[in-house]
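Novice: One-letter residues, chain by chain:
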Amino acid sequence: MAEIKEAFRTSPFGKAGLAIVGIFIILAIVGPYIAPYDPWKTADEIEDILAPPSWAHPLGTDELGRDILSQVIHGTRITLIIGLSAAAIAVVVGTVVGVTAGYFGGVLDAMLMRITDSFLSMPFIVLAIVIVSLLGRSLGNIILAIGLVQWTQAARITRAQTLSIKERVFVLRARALGAGPFYIMRRHILPNVLPLVFANMTLVTSLAILSEAFLSFLGLGDPTKFSWGIIIRYAFETGAVSIGAWWYFLPAGICIMLVVLGFSFISNTLDEALNPKLRRGQVVI
Amino acid sequence: MRYLLRRLAESLVTVVLILTVTFFLFRVIPGDPARILIRGPGITREVIEHYERLFGLDKPLIVQFGLFVRETFRGNLGISFAYKIPVLELLVERMGNTLILLVPATALSILLGLFLGVLAAWKRGRPLDFALQVFSLGFWSIPTFWLGMILIMLFGRTFSTGGMITPGVEHGSLWSYFADLGKHMFLPALTLVLIMHGQYFMIMRSQLAEELTEPYTRTAKAKGLRAGRILRAHVVPNAMLPITTLIALNLATLVAGFITIETVFSWPGIGKLVYRAILMRDYPVLQGILIFLSLSIVLANFLADILYTVLDPRIRYR
Amino acid sequence: MERILSVKDLRVTYRTPAVAVEAVGGISFSLAPGEILGLAGESGCGKTSAASALMRILPHTAEIGGEAFIGGTEILSLPEEEMSKIRWRKIAMVFQNAQAALNPTKTIGYQIAEPLMIHLRYPRRRALEEAASLLARVRIDPKRLTDYPHQLSGGMRQRAVIAMALACRPLVLIADEPTTALDVMVQAQIIELLKELRDEYGLSLIYISHDLLLLAEICDRIAVMYAGLVVEVAPTGGLFQRPLHPYTRKLLGAVTVLGVRAQRLETIPGAPPRLAPPPPGCRFAPRCDRVSGACREGMPPLEPVGKGRRVACWNWRGEDVPS
Ligand SMILES: Nc1ncnc2c1ncn2[C@@H]1O[C@H](COP(=O)(O)OP(=O)(O)O)[C@@H](O)[C@H]1O
Ligand code: SF4
Ligand SMILES: [Mg+2]
Numbered sequence: 001m002a003e004i005k006e007a008f009r010t011s012p013f014g015k016a017g018l019a020i021v022g023i024f025i026i027l028a029i030v031g032p033y034i035a036p037y038d039p040w041k042t043a044d045e046i047e048d049i050l051a052p053p054s055w056a057h058p059l060g061t062d063e064l065g066r067d068i069l070s071q072v073i074h075g076t077r078i079t080l081i082i083g084l085s086a087a088a089i090a091v092v093v094g095t096v097v098g099v100t101a102g103y104f105g106g107v108l109d110a111m112l113m114r115i116t117d118s119f120l121s122m123p124f125i126v127l128a129i130v131i132v133s134l135l136g137r138s139l140g141n142i143i144l145a146i147g148l149v150q151w152t153q154a155a156r157i158t159r160a161q162t163l164s165i166k167e168r169v170f171v172l173r174a175r176a177l178g179a180g181p182f183y184i185m186r187r188h189i190l191p192n193v194l195p196l197v198f199a200n201m202t203l204v205t206s207l208a209i210l211s212e213a214f215l216s217f218l219g220l221g222d223p224t225k226f227s228w229g230i231i232i233r234y235a236f237e238t239g240a241v242s243i244g245a246w247w248y249f250l251p252a253g254i255c256i257m258l259v260v261l262g263f264s265f266i267s268n269t270l271d272e273a274l275n276p277k278l279r280r281g282q283v284v285i
Numbered sequence: 001m002r003y004l005l006r007r008l009a010e011s012l013v014t015v016v017l018i019l020t021v022t023f024f025l026f027r028v029i030p031g032d033p034a035r036i037l038i039r040g041p042g043i044t045r046e047v048i049e050h051y052e053r054l055f056g057l058d059k060p061l062i063v064q065f066g067l068f069v070r071e072t073f074r075g076n077l078g079i080s081f082a083y084k085i086p087v088l089e090l091l092v093e094r095m096g097n098t099l100i101l102l103v104p105a106t107a108l109s110i111l112l113g114l115f116l117g118v119l120a121a122w123k124r125g126r127p128l129d130f131a132l133q134v135f136s137l138g139f140w141s142i143p144t145f146w147l148g149m150i151l152i153m154l155f156g157r158t159f160s161t162g163g164m165i166t167p168g169v170e171h172g173s174l175w176s177y178f179a180d181l182g183k184h185m186f187l188p189a190l191t192l193v194l195i196m197h198g199q200y201f202m203i204m205r206s207q208l209a210e211e212l213t214e215p216y217t218r219t220a221k222a223k224g225l226r227a228g229r230i231l232r233a234h235v236v237p238n239a240m241l242p243i244t245t246l247i248a249l250n251l252a253t254l255v256a257g258f259i260t261i262e263t264v265f266s267w268p269g270i271g272k273l274v275y276r277a278i279l280m281r282d283y284p285v286l287q288g289i290l291i292f293l294s295l296s297i298v299l300a301n302f303l304a305d306i307l308y309t310v311l312d313p314r315i316r317y318r
Numbered sequence: 001m002e003r004i005l006s007v008k009d010l011r012v013t014y015r016t017p018a019v020a021v022e023a024v025g026g027i028s029f030s031l032a033p034g035e036i037l038g039l040a041g042e043s044g045c046g047k048t049s050a051a052s053a054l055m056r057i058l059p060h061t062a063e064i065g066g067e068a069f070i071g072g073t074e075i076l077s078l079p080e081e082e083m084s085k086i087r088w089r090k091i092a093m094v095f096q097n098a099q100a101a102l103n104p105t106k107t108i109g110y111q112i113a114e115p116l117m118i119h120l121r122y123p124r125r126r127a128l129e130e131a132a133s134l135l136a137r138v139r140i141d142p143k144r145l146t147d148y149p150h151q152l153s154g155g156m157r158q159r160a161v162i163a164m165a166l167a168c169r170p171l172v173l174i175a176d177e178p179t180t181a182l183d184v185m186v187q188a189q190i191i192e193l194l195k196e197l198r199d200e201y202g203l204s205l206i207y208i209s210h211d212l213l214l215l216a217e218i219c220d221r222i223a224v225m226y227a228g229l230v231v232e233v234a235p236t237g238g239l240f241q242r243p244l245h246p247y248t249r250k251l252l253g254a255v256t257v258l259g260v261r262a263q264r265l266e267t268i269p270g271a272p273p274r275l276a277p278p279p280p281g282c283r284f285a286p287r288c289d290r291v292s293g294a295c296r297e298g299m300p301p302l303e304p305v306g307k308g309r310r311v312a313c314w315n316w317r318g319e320d321v322p323s
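Protein chains in written order, with this note's numbering: chain A, 1 to 285; chain B, 1 to 318; chain C, 1 to 323.
Derived by calculation from the structure, the hints in this document are not laboratory data. Source: prediction; values computed, not measured. Just so you know, nobody snuck in bad clues.
The calculated lysine-lysine pairs, modelled on BS3-like cross-linking and capped at a C-alpha distance of 27 Å, are:
| # | chain 1 | residue 1 | chain 2 | residue 2 |
| --- | --- | --- | --- | --- |
| 1 | C | LYS143 | C | LYS195 |
| 2 | C | LYS106 | C | LYS90 |
| 3 | B | LYS59 | B | LYS84 |
| 4 | C | LYS8 | C | LYS85 |
| 5 | B | LYS123 | C | LYS85 |
| 6 | B | LYS123 | C | LYS106 |
| 7 | C | LYS250 | C | LYS307 |
| 8 | C | LYS90 | C | LYS195 |
| 9 | C | LYS106 | C | LYS143 |
| 10 | A | LYS15 | B | LYS123 |
| 11 | A | LYS5 | B | LYS123 |
| 12 | C | LYS85 | C | LYS106 |
Using the sequences and the accompanying hints, generate a full structural model.
Specialist: Have a look at this one:
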């Protein structure tokens with residue numbers, strides 16, 4: 001814990017990551033109250049169709065005259081919900097698989113690791129595409145699909161950590177005293193893998209946000225919501241690129257980039273704090 | 001040798017598991033069950049019956065699975081609803097186009113990523129490292145298709161942006177053909193390199209940062225070697241050993257990028273095919289692509305592991 | 001007297017964002033041709049830092065101060081480019097952990113030959129031939145040239161590292177705890193080897209160890225370090241017969257009885273001071289049994305106290321206080 005605090009105190013990336021993510025979380029919470037328009041409200045006047053930025057519409061409008069700024073603000077909440085919930089599913093599944101495999105070892109371990117390897121070899125975006133196309137394009141299905149394809153890293157990390165912890169003295173002693181596997185996992189293993197799981201979750205969140213954008217762009221977003229990915233998809237469909245309507249897709253993409261960057265900065269900082277080799281070693285050349 | 005046999009067995013198990021996941025995914029999930037994969041619009045009665053027999057659709061699920069595995073290994077991935085031709089034929093044809101774009105783009109990304117990663121790790125914690133991290137991670141954080149859209153908007157007039165070659169043009173010479181191809185390839189390849197290199201950058205930077213803290217680098221410096229030579233002759237080659245396997249391990253993450261970039265640039269490869277398959281609900285094609293790409297990645301990983309055991313003397317002379 | 005190496009007021013400070021650790025606090029010593037100087041002291045007292053400073057192979061977080069002359073050239077202020085030509089040709093080093101000091105993926109032969117190719121521009125063939133004869137000199141079968149480090153035993157690896165250090169015939173060789181990880185038999189062989197090599201190559205040697213008894217076997221003179229400073233320098237015989245500094249006396253403990261060899265060094269109660277920043281006055285004061293008022297006020301300078309001896313203590317003349 002002290003190392004983590006120290007890492008964030010001394011790393012400009014860590015601070016920047018926390019700041020970026022913090023700002024977007026606040027925006028996600030208050031967004032719907034501060035958005036200037038209803039993002040679904042279409043325009044009546046022809047000059048409000050695909051209008052460039054103006055005082056009335058700071059980020060312009062789309063092909064139905066809807067306010068882009070309001071769409072982007074509303075999209076913050078949806079995007080973050082998808083990213084964080086998918087990452088939560090992923091790390092929970094991954095931790096269960098990894099800790100089980102590491103703790104029980106043997107055939108169970110071998111089986112679970114082969115399953116992990118299979119998922120690692122399947123291009124996760126295609127897998128997610130298949131799941132969403134078969135289940136239907138709803139928010140829940142998108143979260144589920146992304147969560148179910150991103151758990152492999154957490155499984156590998158927690159397995160390795162479990163393997164090393166279960167040989168430590170306090171675990172051996174607890175076992176000798178007759179503690180059951182679930183007690184040991186809860187009391188001894190989980191507290192020790194949680195920091196790593198948390199670090200992994202920040203990285204998976206950024207991957208999940210990118211995945212959502214990819215799915216939406218390929219036409220598999222939830223059509224009843226605005227996410228950043230969906231906004232870019234609409235812009236692409238409308239031909240915003242060829243008519244030069246940059247305001248339509250630029251802001252949403254910048255938001256994706258910033259949030260993903262923010263989460264990966266946090267993840268990198270946590271990694272440096274938790275990886276003793278990187279922390280201790282010094283470069284002489 | 002024993003290690004390789006074990007890896008071979010593991011890879012085979014992985015292949016079977018991938019086929020299992022794919023099989024049950026397409027058949028157990030609610031929606032239109034079992035027959036969804038062969039009953040597309042516009043496919044003739046005879047063809048449907050032929051495939052029903054081949055895949056045993058009136059038999060129990062477990063028998064169907066056996067037949068599915070057998071047919072997959074025979075290269076029979078079903079028939080595309082949209083194109084009405086065998087999926088494998090379609091994939092082989094499109095894979096060539098994808099590779100034309102993806103191989104050079106990936107090779108350049110790896111080179112750029114590794115080069116910048118070396119610089120950053122060497123100057124770890126100093127201004128150059130910070131600048132490179134912002135650059136590489138920044139591009140890594142961008143959705144590929146979005147960068148593609150921006151580049152088209154900015155440079156679409158200078159470079160061609162639709163398809164692989166200008167349609168309807170007869171190319172008099174091979175040279176003019178390649179010039180046309182290059183003009184079409186430049187922007188999608190640039191997009192891929194800018195975005196994909198970040199991943200290799202991060203792998204190289206952290207691998208090298210660990211390697212640089214090994215005491216043998218201090219020995220090398222004590223021996224009077226200059227920094228460039230220490231990196232070239234000692235540190236980078238050592239870091240590259242695990243990186244060959246890490247690159248293979250990360251192949252699956254490239255797929256999202258090239259699928260969307262082919263869509264944005266109308267590049268007639270696998271990615272464009274995925275896009276069409278989603279639109280047309282062409283499930284046999286989606287299933288075929290999932291199997292095809294997954295098995296390619298398993299194979300790549302296996303080869304990378306073999307390479308690793310050959311290259312690392314600690315394993316070679318155990 | 002002619003000096004091959006002379007070090008004046010050498011300082012090493014490690015800077016982290018939070019603290020600055022003064023690992024070496026200004027030490028001076030010199031080395032005569034063919035001499036073996038021991039550098040003794042507890043783990044963490046700055047021996048490796050001092051040696052690495054002379055090689056200029058410290059991490060970027062370290063700051064070096066003072067002067068060091070090798071054959072008339074001041075090396076601490078040399079530009080990196082010039083310094084890289086001094087390394088291994090004028091001053092070479094044998095590291096504590098040979099396993100870690102060698103690149104695991106390059107052959108022993110390559111690693112010995114490499115400085116020959118770089119510094120003396122030997123073609124590869126000739127450099128490898130030279131490497132083979134160096135290996136033979138440290139009693140390793142030259143066939144082992146194509147072996148990788150993990151294929152050698154611990155003692156062989158350490159001898160290979162010595163062969164590597166001799167490749168360019170350096171004037172000064174620093175051996176940093178070269179035998180610490182090895183068993184006693186192998187340890188003795190290596191020490192014999194180093195003595196032979198000193199005579200044969202006319203080497204001057206700085207031998208670093210925390211083990212005074214080991215140093216007694218090989219050194220002409222010994223410098224005792226405590227908390228980043230040299231507290232006593234004396235010819236080996238004199239030091240063992242009559243240690244002057246309270247720290248040395250404690251280290252030697254029962255050994256001081258003439259001619260009698262104690263099996264163990266006395267362990268000293270207490271711990272060395274924190275060096276960020278170092279306390280004022282004598283750094284040994286908290287653990288010293290002769291401490292007086294003066295000790296806490298000023299740092300005692302390292303002063304000559306007779307033939308070839310120097311000591312840094314206000315009360316070195318004081319009578320023994322039995323402990
Ligand atoms: N790279 C470093 N950064 C910060 N402090 C260091 C570093 N290396 C060594 N030190 C500190 O400097 C002091 C001297 O270390 P060292 O020179 O290794 O001593 P010795 O070789 O005598 O055991 C110790 O207190 C150690 O903790
Ligand atoms: S100066 Fe004082 S405290 Fe320091 S060693 Fe001498 S007597 Fe002890
Ligand atoms: Mg040391």
